[in-house]
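Colleague: If you want the building blocks of each chain, they are given just below.
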Amino acid sequence: MEKQREENGRSPRKRIVNILVHVFLAVLAVIWVMPIFWIVLTSFRAEPGAYTSTFLPKAYTLNNYVKLLTDRNVLNFPRMFKNTLIIAICSCCISTSFVLSVSYSLSRMRFKFRKPYMNIAMILGLFPGFMTMIAQYFILKAMGLTEGSSIRFGLIIVYSACTGLGFQISKGFFDTIPRAIDEAAIIDGATQWQIFTKITMPLSKPIVIYTIMTSFIAPWVDFIFAKVLCRANADQFTVAIGLWNMLQKEYIYQWYTCFAAGAVLISLPIAILFLYLQRFYVEGMSGAVKG
Amino acid sequence: MIEDRITVKNALINGDLLTKLSAVVMGAGIAGHKQIIKGAVVLLLEIAFWIFMISQGFHNLSMLPSLGTEVQGKVWNEAKQIYEYAAGDNSQQILLFGVITCFVVAGFIGLWVLQLLHSYKLQKEMKKGEAIPNLRQDVKNLLDGNLHITLMTLPCIGILVFNIVPLVYMITMAFTTYSKEDEHLVLFDWDGVHQFMRVLNMNGNIGRQFWHVLAWTIVWAIFATFLNYILGMILAMIINRKDTRFKGFWRFCFVLSIAVPQFVSLMIMNIMLQPSGAVNVLLKNLGLISESIPFWTNAMLARVTIIVINLWVGIPYTMLQVTGILQNIPEDLYEAAKMDGAGPATIFFKITLPYMLFVTTPYLIASFVGNINNFNIIYLLSGGGPTYVGDTAGQTDLLVTWLYKLTIDQQYYNLGAVIGIMTFVILTIITLTTYRNSSSYKNEEAFM
Chain A
92 MEKQREENGR SPRKRIVNIL VHVFLAVLAV IWVMPIFWIV LTSFRAEPGA YTSTFLPKAY
152 TLNNYVKLLT DRNVLNFPRM FKNTLIIAIC SCCISTSFVL SVSYSLSRMR FKFRKPYMNI
212 AMILGLFPGF MTMIAQYFIL KAMGLTEGSS IRFGLIIVYS ACTGLGFQIS KGFFDTIPRA
272 IDEAAIIDGA TQWQIFTKIT MPLSKPIVIY TIMTSFIAPW VDFIFAKVLC RANADQFTVA
332 IGLWNMLQKE YIYQWYTCFA AGAVLISLPI AILFLYLQRF YVEGMSGAVK G
Chain B
2 MIEDRITVKN ALINGDLLTK LSAVVMGAGI AGHKQIIKGA VVLLLEIAFW IFMISQGFHN
62 LSMLPSLGTE VQGKVWNEAK QIYEYAAGDN SQQILLFGVI TCFVVAGFIG LWVLQLLHSY
122 KLQKEMKKGE AIPNLRQDVK NLLDGNLHIT LMTLPCIGIL VFNIVPLVYM ITMAFTTYSK
182 EDEHLVLFDW DGVHQFMRVL NMNGNIGRQF WHVLAWTIVW AIFATFLNYI LGMILAMIIN
242 RKDTRFKGFW RFCFVLSIAV PQFVSLMIMN IMLQPSGAVN VLLKNLGLIS ESIPFWTNAM
302 LARVTIIVIN LWVGIPYTML QVTGILQNIP EDLYEAAKMD GAGPATIFFK ITLPYMLFVT
362 TPYLIASFVG NINNFNIIYL LSGGGPTYVG DTAGQTDLLV TWLYKLTIDQ QYYNLGAVIG
422 IMTFVILTII TLTTYRNSSS YKNEEAFM
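Each protein sequence line maps, in turn, to chains A and B.
Quick note, my numbering runs 91 ahead of the 1-based positions in the first sequence.
Quick note, my numbering runs 1 ahead of the 1-based positions in the second sequence.
Possibly wrong hints are sitting among the right ones.
[What the hints assert, rightly or not] Computed beta-carbon distance windows for the label pairs:
| hint | chain 1 | residue 1 | chain 2 | residue 2 | range |
| --- | --- | --- | --- | --- | --- |
| 1 | B | Phe104 | A | Ala117 | 55 to 63 Å |
| 2 | B | Ile223 | A | Lys173 | 39 to 47 Å |
| 3 | A | Thr145 | B | Tyr86 | 52 to 60 Å |
These are computed hints drawn from the structure, not numbers from a lab.
Beta carbons: idealized from backbone N, C-alpha and C, even for Gly.
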């Protein structure tokens with residue numbers, strides 16, 4: 092009887108522990124959600140300015156969203172949105188094909204350059220990203236991709252050219268697909284290309300979706316590469332630079348609540364995508380670790 | 002049968018006339034051994050290479066040792082009544098084109114070796130009477146046995162052009178005087194290891210800052226990595242407990258914070274923790290403090306704040322990553338420990354932690370590297386500040402953010418490059434010693 096009660100978690104000691112655990116989780120959850128809650132509130136705040144004397148807004152409005160989406164004179168958010176969308180679509184196509192090609196080759200094919208490639212990728216990953224970025228800027232400049240609308244190409248290249256180095260998670264996933272399937276297909280006369288496109292890809296939907304989404308999201312959330320490459324070319328700004336600019340001294344009073352609105356607008360789709368993707372991330376992760 | 006091996010030496014000694022000829026007229030050997038189109042392509046590449054070298058390449062290489070000497074000049078044009086600028090040498094471009102030319106030459110040498118070996122191989126196959134694959138078979142093979150060549154060529158070119166070349170270029174910059182100091186932005190010269198000495202010299206201004214920044218970088222990386230790792234794991238375990246209700250809801254709350262783009266949440270944090278930001282306002286309204294807490298202007302407080310905020314950012318990530326792995330830990334280990342009367346703390350430190358460390362070492366290393374190179378969190382939160390007068394590095398600057406300040410703000414390119422190289426050296430030492438000893442690296446192929 093005693094044992095039964097304990098297993099049901101009804102013994103007084105267990106009960107106290109349980110209550111404490113749930114209170115603890117609740118406190119943590121509040122801490123974690125509060126900044127997000129606060130920014131959503133701010134995006135509906137009627138008073139302008141970054142700093143107010145009260146934690147909660149005094150009045151609510153939708154004007155911040157209206158201003159953000161219609162004001163084209165000071166900080167042209169719709170144009171930034173368009174720029175980022177174009178860059179994101181292009182670089183997403185390139186990066187996805189690069190990442191999947193490299194990971195498939197490394198996971199399934201055996202060639203002399205395989206181990207060296209993985210070692211080189213690891214070594215390159217140890218250099219601070221900035222070091223390459225500054226030199227990339229000089230190279231793009233020599234190619235004439237740092238002026239006017241060609242900045243867009245520059246950014247696409249910067250976001251997608253080196254993605255062949257980020258193969259780890261999808262390779263980990265491919266590694267978990269049994270080789271026996273490949274071997275059976277080879278006996279049936281399939282070429283490696285057919286195995287890649289007709290067998291491995293359909294079996295790897297989670298990781299394909301994950302790769303597409305992460306490479307699509309990258310241009311939306313990177314601001315430092317974009318900032319270095321765009322410099323003062325305001326018509327080429329991406330969303331991230333725009334949001335960053337809204338917090339600079341000259342804009343912050345007028346634009347702070349709009350920043351909050353922009354942050355909510357950008358975060359919402361990304362958050363939904365991420366919540367949807369997290370299980371693929373976890374699968375890829377534990378797949379990669381099993382080795 | 003040593004002479005049978007396909008090497009450059011054997012090809013040059015034992016090759017037939019065509020193979021030997023292809024040492025000069027590249028592709029001759031391949032074309033002569035029935036692969037005409039392939040040979041023609043190789044020959045075209047050789048011609049293109051020599052055209053490039055004669056029109057530009059040799060000039061680029063010859064400029065490398067001096068990096069240019071012509072100063073940009075102002076010449077009075079009598080006819081137009083204006084000063085005309087006579088373009089001088091631009092060392093930065095000379096260096097860049099020089100580096101690129103070196104890569105082209107290296108690529109050419111590689112091609113030369115490959116075509117020579119290929120020709121020798123074809124020659125031997127013909128001698129044995131084997132069928133030489135024609136172009137169609139070669140192309141077909143590119144989609145089958147040689148699929149990796151098809152798939153990896155473009156990504157490799159991308160990495161070469163936009164990662165390796167820039168890196169080498171940046172590394173060479175560390176050995177020059179390319180800097181705003183002493184006005185060396187247009188014309189600069191080789192400088193040997195002078196900048197390295199400056200950075201390592203503890204008595205100089207730059208050296209003192211370097212050791213300071215390095216110490217904080219390592220302290221930061223250790224705290225950020227291990228606190229996140231252990232606390233994230235504990236959080237995952239608390240949520241995974243049998244008796245915890247609403248598991249999905251708790252996970253959702255924490256994952257929500259990483260679903261928001263990091264730069265957005267970091268900028269929000271920065272604003273919230275300003276002297277008149279939301280946190281100070283809230284604390285004042287509650288009557289807990291009367292003066293604002295100087296989160297970003299007090300060096301010690303700024304450091305602690307950054308580490309704490311990084312917990313906010315990182316714990317959910319760890320939670321996500323380890324949840325699945327935690328469930329893989331064999332249940333009987335726990336049962337046995339409980340039988341022996343081990344408490345929760347003992348079980349965690351004697352069973353859970355060692356198991357997790359064993360399985361996730363590569364990820365721990367990756368996150369350590371990521372933290373040392375964690376630009377966003379410092380740049381967006383404290384901006385590296387507070388900064389003392391006369392310093393280029395702030396009290397919370399990491400090596401990467403200092404690198405950014407040195408190059409983008411100050412234009413001390415050579416110093417920036419040295420800092421980058423130092424970061425790399427430190428990371429290499431840490432990583433290679435741990436990574437190569439980890440089980441996951443050694444047993445990479447184990448379960449195939």
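Colleague: In ascending order, which of the hints set out earlier in this document are inconsistent with the structure?
Modeller: none
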